[in-house]
Structure formats: C-alpha cells, structure tokens
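Chains as they are written, first to last, in the working numbering: chain A, 1 to 273; chain R, 1 to 306.
Please note that the accuracy of each hint is not assured.
[To be verified] Listed next, the in silico EDC-like pairs over lysine to aspartate or glutamate satisfying Cα-Cα at most 20 Å (straight line): (1) A:LYS7 with A:ASP123; (2) R:LYS131 with R:GLU120; (3) A:LYS25 with R:GLU130; (4) R:LYS208 with R:GLU160; (5) A:LYS18 with R:GLU95; (6) A:LYS25 with R:ASP84; (7) A:LYS193 with R:ASP84; (8) R:LYS152 with R:GLU120; (9) A:LYS191 with A:GLU109; (10) R:LYS152 with R:GLU130; (11) A:LYS7 with R:GLU95; (12) A:LYS25 with A:ASP102; (13) R:LYS131 with A:GLU109; (14) R:LYS208 with R:ASP192; (15) R:LYS131 with A:ASP123; (16) A:LYS25 with A:GLU109; (17) R:LYS77 with R:GLU130; (18) A:LYS18 with R:GLU130; (19) A:LYS191 with A:ASP123; (20) A:LYS25 with A:ASP107.
[What the hints assert, rightly or not] Simulated DEER-style distance windows between Cβ atoms: (21) R:PRO89 with A:ILE212: 33 to 41 Å; (22) R:GLN231 with A:GLU109: 41 to 49 Å; (23) R:PRO89 with A:LEU220: 47 to 55 Å; (24) R:PRO39 with A:ASP123: 35 to 43 Å; (25) R:LYS117 with A:PHE33: 54 to 62 Å; (26) R:SER116 with A:VAL31: 27 to 35 Å; (27) A:TRP266 with R:ASN25: 24 to 32 Å.
FYI, nobody ran anything at the bench for these hints, they're computed from the structure. As the structure is a computational prediction, the values presented were derived from the model and not from experiment. Backbone N, C-alpha and C define an ideal beta-carbon position, used for all residues, glycine too.
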Amino acid sequence: MHPGFFKQLLLISQFELKRGFATRKGSLSVVTFVVVWYFILLYPLRFATELLVQEKGFKQDFGFLDFIGFGSLQHWPIPEFGVLWQFVLIIFPMLSITIAADQTCSDRERGTLRFIVIRSSRDSLFFGRFVGVMVIQALLICATGLSTLALVLYRDATLFSSALPNLFVITFNVILAVLPFTAMMAALSAKVKSARQATLWAILIWTFLAGIISGFAYYLPALDFFKCLIPGYQLSDLAQLSEWQTLQLAYIPLLQGLVLLALGRWIMARQAL
Amino acid sequence: MKSPIIQCQQLNHVYSGKVALFDVNFELDAGEPIGLVGPNGAGKTTLLSILSGFLRPTSGTVRLFGHPPGAAQLIGKVAALPQDARLDPSFTIAEQLVFYGRLQGMTKPQATLEASKVLEVISLKEIAQEKPNSLSHGMAKRVAIAQALIGKPALILLDEPTAGLDPINVRTVRTIIAEQSSATTFIISSHDLSELDRLCQRILLLEKGVLQTETITLNEQQAATRFITLQMETCPALEVIAKLQALEGVLQVTNPQKNEFIVEYTPVLQPSMDQKLMQCINANHWQYRQLSHGKTLEEKLFFRDY
Chain A
1 MHPGFFKQLL LISQFELKRG FATRKGSLSV VTFVVVWYFI LLYPLRFATE
51 LLVQEKGFKQ DFGFLDFIGF GSLQHWPIPE FGVLWQFVLI IFPMLSITIA
101 ADQTCSDRER GTLRFIVIRS SRDSLFFGRF VGVMVIQALL ICATGLSTLA
151 LVLYRDATLF SSALPNLFVI TFNVILAVLP FTAMMAALSA KVKSARQATL
201 WAILIWTFLA GIISGFAYYL PALDFFKCLI PGYQLSDLAQ LSEWQTLQLA
251 YIPLLQGLVL LALGRWIMAR QAL
Chain R
1 MKSPIIQCQQ LNHVYSGKVA LFDVNFELDA GEPIGLVGPN GAGKTTLLSI
51 LSGFLRPTSG TVRLFGHPPG AAQLIGKVAA LPQDARLDPS FTIAEQLVFY
101 GRLQGMTKPQ ATLEASKVLE VISLKEIAQE KPNSLSHGMA KRVAIAQALI
151 GKPALILLDE PTAGLDPINV RTVRTIIAEQ SSATTFIISS HDLSELDRLC
201 QRILLLEKGV LQTETITLNE QQAATRFITL QMETCPALEV IAKLQALEGV
251 LQVTNPQKNE FIVEYTPVLQ PSMDQKLMQC INANHWQYRQ LSHGKTLEEK
301 LFFRDY
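Only chain A is shown next, with the shape it has when bound in the complex (with noise of 0.2 Å):
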C-alpha cells in the first residue's frame, strides 16, 4: 500500500459522492427515491404504525403477527420503527443490487477508468468507488430513518430521547446489511461490462448459490455452514430480533463483505482495463 493511497481513496470516493448527488442522472435518482419514500412513509408505514399503536386487540393478536413473519413488530417499544425495520431490511439490500451495481463496468467499457488508473493505484480505485457507494447509500438510510424520527415525534414529541437509540441501532444494521450486497456488486461490477449485466449476475450467481448451497445442505447438513456465504442469509433471522439483540448477527455480513471485497481485488488486479 502506497503513501498516497487513503489520499486518492479519499478522493475517488468524494468524486463517487458527486456522481450520486449533484450529476444530472444522480440527483433523478435521488429525487426518485425520496418521492417513493415519501409514499411508503405516508401509507403503509403510517398507516401500519396507526395499527399497532390504536388496535387495542394488538396484545392477543400478536400471534398472527408471528404466523406471518412480523412477530418482531411487537418487541420495538416504537411501533414506527418495528415497521421501519421490516421495510428497510427488505427495499435496501434490494436497491443496494441497483445502485452499486455500476462501481466500473460503464467507466472500464468507456474507457475512462484508464484516465484514472494511470494517476491512481487499481486498489485506490476499486475501494475507493466502493466507499463511495457505501456511503451513498448510508446517506439515503439516514434520511429514511430521520423521516421516521420526524413521523414519530409527530406524532409525539416526548418519545425524542427514546427514539434515539432504536433509530441509531436501525441506521447501523441496515449500513451493515447492504455491506455485503455493495461488496458483491463492487466484485461483478470488475468483471462484467455494463450494469444491466452485473444486475443479472447478481441475481443469477445468488439464486443458484441460495440453491445449490441449500441443496446440499439438505443431504449434508454440516454444510450448512456454507450458508454465511450468501449475502443476506442471516436477514430473515434478522427480522425477528429487536433494538440491540439486532447487532448479534453483525458479523455475518460483516465477514460476507471482506471475502467479497478481497474477491473482488483479484479480479480488479487481474482485468484488462
């Protein structure tokens, strides 16, 4: 690692940061995203919220929560939150497949990446548009989770000191969540030649990777263990824990998210740019 590498890093991912927010195509696709935020927090998640918090029948009914998957919703002691956090596990690892799927395919197909690479190290470049999309995204989880912090405090404001926390642990897990998701992404992105392509990968290599894995673990259970491989494996287990029990399973992707990003070092070392 040379010298100047946290430098360039630095600035690569400034320049990601750029790209997301004040490019014509980027600020579309923030616009895009706060307006269909702005109705999920508007109807379901208020109107959901609205549920849980006046249906006196809330405490014999949790039973059919848990038969739906939702069990979890009644250990949040913010009914918003509870809400937040089975929306949010479920809509960013999902857009984190759409938004970090273009770290450099488009720039290598272009050839621009070679403008860079002749002043900057390959690895300065590779994680250096892989922190800048991580932080794009932990920008957009934020703002989810302070749009909630708003919907609860109006609802009531004395609920602020309590709120904290639990939006503080969301904010933190959902980071974590998309980590492996971006990393994958950052892998394919080396590899493939255009988004559209390493979107489909993404999905293929996952689909068959859940399946196969799945299968043998079926025949031979002690390979079950090779189940931490998945990105998002642990999600589903993840949405029935609550506040901080959540951080229990933080090092399952925090584990995906190294060997993906090594993974994808290799394969930016080697590519023909």
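Chain A is fixed; fit chain R onto it per the hints.
Same frame as chain A, now just chain R:
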C-alpha cells in the same frame, strides 16, 4: 550513468490463445519522440497498454523509470492517451481535469490552474465547462491529449493521437507534441507514417507481435550511402532512371511508385548530389514536385530490401 526510461525484456502477451506480442525486447532513453509503427493487429496498442499498466503481460519484465507499470512512483511521471478512451459524460471537462490533477497529488487550486493551462495548450479553454458529449471527435481527442499533459509528465504514451482527425486538428496535435517534446519524451503509435516522419527521430517497428530487431534511426548523416527521394511530374521513367544513373556517385536509382524515384549515392564521391539532380532535371526540361533527403519512412520500414 543515464538509465533507460523504458526497459522491456522477453515480453509476451497472449489474448485467448492468439499471440499479440512475442519476445519483445527493447530499451529506450529519454529524448526526441519515438514512433511505434506496424500494420493493424501488430500489437502496438497491446504494447502501449502494457506500458501504461492497463494490461498485465502474460510473461516478461517491463520497467518504466525502474518501476513496473502502474507503480505508485510513476504517478505524475507517466501519462497516456489511450486509443478510443472517452471522458465521463456526467461531469464537465474542467471537473474531470481537476480531479485528475488532484489524483496526481496537486492541491485543488494547483489542479484548477493546471487544468486551465493544459486546456490553453490545446486551444480549448472555452470548453472547460462543457460536458464531453457536446464535443466533436477532434475536440474530444485534444481534450484527451490535455489530460495527458497534466503535471508535465516525463513520458507520454500516445496511441493513435491523430486517428480520425481532420488536417487542421492533425496539425494542432503535431504542434502540441513538438512544443512539449523538449521536456517530455513521447512514444507515438500511429499508422500515419508521414506524421511520424515529421515528429520522430527513432522508430520501433512491430510486425505480428514481433519487434523488428533493428530500430530505425531517421538521421542518416553518418551512413556510407545516402538516399534522395525525388517526386516528379509526369515524366519518361526509363529515361529519368538512365540519366540519373549516369551521374557521378550514383549507386542505384529505383522507381518504387509512379513518378517517384529513389537515388542511392555515395556522399564521399558526390557531396552535393541534390544540386546535381536539380541540374540534370533542368537540363532535360523535366518538372519536379519535391526533392527530399533520405527515403520516406514507408520505404524504410516496409521496403527495406529493395
């Protein structure tokens, strides 16, 4: 001791079973622009891509200023104009040039100033705030050359810098290279032999991935025999050959193309052969178009045995 800026030893590259470069060995010193020529598919772009660090060789060793391509020590020292590479369409020209300058270690004010300077060198300062998609092919090529000039690198690798340009832009690019070549060594890959003839003092010839053993030096002042290339208006070829052949000091006259004659002579016997030729042309009332010392680069490279 002056060390070479580029060293290639036993360099090989294979693309999906097809040999692109085979056992390429050469060393180049800093100085005048160096031409890299060869027919299509000869391996010129592959060689430049390996030197720039865009491609890993299958085997062999490459060193630029003593470091492998892509090494951190080469940042700011080596620049390249990759063939057909385009800037990012999402950002303005200035934003990208400033970004490149900053990656080379400049501060933001330094990089901004440098971006403005290189755009001035290519006479396109007014397009700084434009996006790449709004530029013509010629302008985009000049901007791509501008990015290579950032920070005054010691070595610039240009892959087909004039391909697809109109004559005015070709002349602009030639002027830029000539002006910058006092401080920078250029390696120019091109099909345009007249272009290289004008710019380069040394030529590397690649054929089917093999570098020809002798590099061609365009300066013939030390040679035992010299050449003059004579381009005539319509004339009786056989008579011209016979009369030129009869001049003192002339060893051989060839007629490789219609109305073009190459006179090989011994400078010791006839140091002013050009004047003798002019007198002969005048005496026979022929019309000539051009008389130039030496063979054309095309003759030197591809018709060396004749």
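Now the hints, each set against the structure:
1. For a cut-off of 20 Å, the pair hint linking LYS7 of chain A to ASP123 of chain A stands: about 12 Å separates their Cα positions.
2. Of the pairs offered as hints, the one joining LYS131 of chain R and GLU120 of chain R holds, with about 17 Å between alpha carbons and a cut-off of 20 Å not exceeded.
3. With a CA separation close to 16 Å, the supplied pair LYS25 of chain A and GLU130 of chain R stays within the 20 Å bound.
4. Proposed proximity of LYS208 of chain R and GLU160 of chain R is supported: the alpha carbons are some 18 Å apart, at most 20 Å.
5. For the given pair, LYS18 of chain A sits about 10 Å from GLU95 of chain R by alpha-carbon distance, which is consistent with the 20 Å threshold.
6. Taken as a hint, the LYS25 of chain A and ASP84 of chain R pair is broken in the structure, with Cα atoms around 24 Å apart against an allowance of 20 Å.
7. Taken as a hint, the LYS193 of chain A and ASP84 of chain R pair is honoured in the structure, with Cα atoms around 16 Å apart against an allowance of 20 Å.
8. Of the pairs offered as hints, the one joining LYS152 of chain R and GLU120 of chain R holds, with about 14 Å between alpha carbons and a cut-off of 20 Å not exceeded.
9. For the hint pairing LYS191 of chain A with GLU109 of chain A, the CA-to-CA distance comes to about 11 Å; that is within 20 Å, so the pair holds.
10. Restraint check: the Cα-Cα separation between LYS152 of chain R and GLU130 of chain R comes to about 24 Å, which exceeds 20 Å; the hinted pair is violated.
11. Taking the CA atoms of LYS7 of chain A and GLU95 of chain R, the gap is near 18 Å; set against the 20 Å cutoff, the hint holds.
12. With a CA separation close to 13 Å, the supplied pair LYS25 of chain A and ASP102 of chain A stays within the 20 Å bound.
13. Of the supplied pair hints, the one linking LYS131 of chain R and GLU109 of chain A holds, its CA atoms being roughly 18 Å apart against a limit of 20 Å.
14. Our distance criterion of 20 Å between C-alpha atoms is met by LYS208 of chain R and ASP192 of chain R, whose separation comes to about 18 Å.
15. For the proposed pair LYS131 of chain R and ASP123 of chain A, the alpha carbon gap of about 28 Å is over 20 Å, so the pair is violated.
16. Of the supplied pair hints, the one linking LYS25 of chain A and GLU109 of chain A holds, its CA atoms being roughly 19 Å apart against a limit of 20 Å.
17. Our distance criterion of 20 Å between C-alpha atoms is broken by LYS77 of chain R and GLU130 of chain R, whose separation comes to about 28 Å.
18. The suggested pairing of LYS18 of chain A with GLU130 of chain R holds, with an alpha-carbon distance near 17 Å, which does not exceed 20 Å.
19. The straight-line distance between the Cα atoms of LYS191 of chain A and ASP123 of chain A is roughly 15 Å, inside the 20 Å bound, and the hint therefore holds.
20. Restraint check for LYS25 of chain A and ASP107 of chain A: satisfied, since their Cα atoms lie roughly 15 Å apart, inside the 20 Å limit.
21. Taking 33 to 41 Å as the suggested C-beta distance range, the pair PRO89 of chain R and ILE212 of chain A conforms, at roughly 40 Å.
22. Roughly 45 Å separates the CB atoms of GLN231 of chain R and GLU109 of chain A, a value that falls within the hinted 41 to 49 Å.
23. Our hint of 47 to 55 Å for PRO89 of chain R and LEU220 of chain A holds, since their Cβ atoms are close to 51 Å apart.
24. One distance hint, 35 to 43 Å for the beta-carbon pair PRO39 of chain R and ASP123 of chain A, holds here, with the actual separation near 37 Å.
25. The beta-carbon spacing between LYS117 of chain R and PHE33 of chain A, approximately 40 Å, falls outside the hinted interval of 54 to 62 Å.
26. Against the hinted window of 27 to 35 Å, the Cβ-Cβ separation of SER116 of chain R and VAL31 of chain A comes to about 33 Å, which satisfies the hint.
27. At about 30 Å, the CB distance of TRP266 of chain A to ASN25 of chain R agrees with the hint of 24 to 32 Å.
Hint check: violations occur at hints 6, 10, 15, 17 and 25; the rest are consistent with the structure.
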